[in-house]
Amino acid sequence: MLLDRLRAILPGLAVLALLIAGLEAAVQAGMIRRVLMPPPSVIGATLFDLLASGEFVEPLMATLKLVFAGFAIGSLIGIVLGTAMGWWPAAFRLFEPLVELVRPVPKSALVPPLMLFLGIGFTMKVTSVALVVIFPVLLNTLQGVRGVDRVMLDAARTHGWGTAHTLWHLVLPAALPFVLAGMRISLGLALVLAVLAEMLAGEGGLGFLILDMQRSFLIRQMYAWLVILAVLGLALNGIFAALERRALHWQNRNA
Amino acid sequence: MRRITSGTWLVLGLFALWEASARLGWVDSPNWPPVTEVVAALIRDSITGELPLRVGGSLWRMFSGLLAGGLAGVVVGLAFALVPVTARLFGVVVEALRPIPVPAVIPPLVLFLGLDDPMKITVVALTVFFPVLTNTMQGVRAVEVEAIAMGRTFGIGPWRRAAFIVLPACLPYVLAGLRVALGLALVVTVVAEMIAGEQGVGNYLVVMQFAGRAPEMYATVLLLAALGYALNRAFVTLEKRAIHWWFAMGR
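These protein sequence lines map, in sequence, to chains A and B. This note's numbering applies: residue 1 is where the first sequence begins, and numbers increase by one. This note's numbering applies: residue 1 is where the second sequence begins, and numbers increase by one.
Chain A with its partners taken away, still in its complex shape (with noise of 0.2 Å):
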């Protein structure tokens, strides 16, 4: 199976190399300037610093723990609070009209005014991260819990089940397909916000460096760790891929 898949994309990677390649000869031929685009082997090489000295590790480390920690946070209060608002039509009430309130608001212009109460640290850029990942994770959930068959939670309800065990062994699982979507629509936008509030602050991690690379007119540098940022989001959506495939296996196996 997994030579399958290989194959199935063997014809894609050998054009990514080509379009490399391609990259390359024009850099070399002078084609494109030599100092905005540095030749992807130049690039390659950079990169394969970074990686045998062991120098990527802090950055990405602090990067990592910035998303894991605003995404853990921000998930846990949108499946809370959509949950609740799911459940008791009176918390639904209570909470609409603030969450439609700051729903619309673009989480980037949020960072400038959490500098000035939070500072440049890691509180405010996780606060940041946390704001971008609550909202597609609430309303995911709130769809998914409102969602839930009829029939079942009758059912809960003959065989004498409290409201926490209904939710917790009912409620919840059947509204996980809808849970784990808004979390994957979440996890994108908490690595945007991780890099933007780096950027913002200036200090440490991932995004940071790419644009003080930049500014300090160190292009390969700058490339490289673009590449790092790169596959760091390929491994994050793949990695969350995953573990939604083995959450939801018995939706597959029904479907």
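Treat the hints as calculated values from the structure; they're not laboratory data. Certain hints may be false.
[Stated by the list, open to error] With the Cβ distance kept under 10 Å, some of the chain B side facing chain A (calculated, not the full set):
| id | residue |
| --- | --- |
| 1 | Pro108 |
| 2 | Gly157 |
| 3 | Leu231 |
[Unchecked claim] DEER-style ranges, computed between Cβ atoms:
| id | chain 1 | residue 1 | chain 2 | residue 2 | range |
| --- | --- | --- | --- | --- | --- |
| 4 | A | Ala155 | B | Ile4 | 34 to 44 Å |
| 5 | A | Leu6 | B | Leu97 | 13 to 23 Å |
| 6 | A | Leu13 | B | Ser21 | 52 to 62 Å |
| 7 | B | Leu14 | A | Trp88 | 12 to 22 Å |
| 8 | A | Leu248 | B | Gly49 | 50 to 60 Å |
| 9 | B | Trp32 | A | Val151 | 49 to 59 Å |
| 10 | A | Arg245 | B | Leu111 | 35 to 45 Å |
| 11 | B | Val145 | A | Gly238 | 25 to 35 Å |
Small disclaimer: the values here were computed from a predicted structure and weren't measured. All C-beta atoms, glycine included, are put in the ideal place defined by N, C-alpha and C.
Following the hints, position chain B against chain A.
Using the frame of chain A, we list chain B on its own:
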């Protein structure tokens, strides 16, 4: 007219708490102006024309990027879905670019396109491209096989089939992708303006933050919230009008 619910009271209560905490000195900080001062700043900057001018510039960049990225997304999506060879050849390249967080492409783009409109429009277009591409491909897959077969029976060529049968049929999916993209586009426009150059609302936010002018900064956030809300509302209305047949089918 909507009834005033507990939620409306909560929002009003929070605003009142904000005002009181600043006026009565519960939170004593130059970063915490009363909400009335924020509204005053909003009105002041609107009258001087500073904010409307900057918002106008941001909106122009956002819509240019939305148009460019949306068109590219639809065209590539149609190609990938209708001509599988293209997807096999270029799918990997697209998937390799997709996971790069947008703010990170700004520094390299600055090198090539500078700090102004071309760079920012490109960043927005890049953001918009991916959701529209994904949705267009999904939409094409959902087109009824009979519709395409009928077109073929009537001797309609592949180009015209793509334009007059497939595209209208997958329009609801394209529009759903565009709606997602619209929200992202506003976020990214602000991001690009914050990181590079001296244009637009994003830059205004950062300048006000550095200048320590909190009322102006919050006023800008409020304005952006209203803008985000209005854009989404307007889009949903246009969407309903454009694909009323889709909703009429009860989907």
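Consistency of the hints with the structure:
no., hint, result
1, Pro108, "holds, 7 Å"
2, Gly157, "violated, 27 Å"
3, Leu231, "holds, 8 Å"
4, Ala155/A x Ile4/B: 34 to 44 Å, "holds, 38 Å"
5, Leu6/A x Leu97/B: 13 to 23 Å, "holds, 21 Å"
6, Leu13/A x Ser21/B: 52 to 62 Å, "holds, 58 Å"
7, Leu14/B x Trp88/A: 12 to 22 Å, "holds, 20 Å"
8, Leu248/A x Gly49/B: 50 to 60 Å, "holds, 53 Å"
9, Trp32/B x Val151/A: 49 to 59 Å, "holds, 51 Å"
10, Arg245/A x Leu111/B: 35 to 45 Å, "holds, 39 Å"
11, Val145/B x Gly238/A: 25 to 35 Å, "holds, 32 Å"
In terms of the numbered hints stated before, the structure departs from hint 2 and from no other.
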